[in-house]
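Asker: Sequence:
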Amino acid sequence: MNITTHDVISDFPMFHGLAPVYVDRLASESKIIHLSRDAILFNRGDHTPGFYILTSGQIKLAISSAQGAEKIMDIITPGRSFGEAITFLDRTAPVTAQAIQVSTLILVPRKTLFALLQEDPNIACSIISSLAARMHQLVSNIESISMLSGAQRLVGYLLQMVSQSPGTSTLKLASSKANIASLLNISPETLSRIMHKLTEDGLIAVYGREIDILNLEGLRNYQGDL
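For what it's worth, this note's numbering labels the leading residue of the sequence shown as 25, then goes sequentially.
Hints listed in this document are in silico derivations from the structure and should not be mistaken for laboratory results. Mixed in with the good hints, there may be bad ones.
What the hints assert, rightly or not - Cut-off 35 Å, straight-line C-alpha distance, at most; resulting in silico cross-link-like pairs (DSBU-like, lysine-lysine):
id: 1; residue 1: Lys135; residue 2: Lys95
id: 2; residue 1: Lys221; residue 2: Lys201
id: 3; residue 1: Lys201; residue 2: Lys55
Start from the sequences and build out the full structure, keeping to the hints where you can.
Answerer: Here it is, written out as structure tokens:
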């Protein structure tokens, strides 16, 4: 079954409860974007025309130093959105968005959103809720990087994956181990050592990008300091 722009807009949490006429308008004025692997959607410092909903593929949000070192801030997977804050603040992008895989996105235009806000202020409540949830996640990420060891960050990442896939004990990493390491603010070598230690402790088994959770309770109680 082909998923239409209208389907994506109507199912998107920010637009739940929106009058059908407004959903129709958003869908008709939104734009489908196709990206090849490694293609840049926008660079840090660019102005974006709206925010994006990813329908397939993967997008990494990253910053780079003058020396070329890259830090991945987030890896966007299908169903997630990004760029809302800079859309409503009308500021330049603080990160570069690049496709990790062949990807399809929907661009929701700023001008359409602002017009709807003037016509139906109730949509503001959904937007505020969405941005508040994003802020809460950002604070959690900062806390993780500042207060937790590399092992605790990886375990937290795995437990988050478990919570998103109830009923399964086999997880598949959303991206390469190098990208996951950057996301967790550790080196690829440290990530490998942590995975080896978790395997030795009988908590997980690693098969490439697939990870079997062997002892979920032990993982939840893990206090490693690598």
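Asker: Given the hint that lysine 135 pairs with lysine 95, does the C-alpha gap stay at or below 35 Å?
Answerer: holds, 31 Å
Asker: Taking 35 Å as the top limit, are the C-alpha atoms of lysine 221 and lysine 201 close enough?
Answerer: holds, 16 Å
Asker: Starting from lysine 201, check that the Cα of lysine 55 is at most 35 Å away, please.
Answerer: Answer holds: lysine 201 to lysine 55 is near 32 Å, not above 35 Å.
Checked against the numbered hints listed earlier, the structure breaks none of them; every hint is satisfied.
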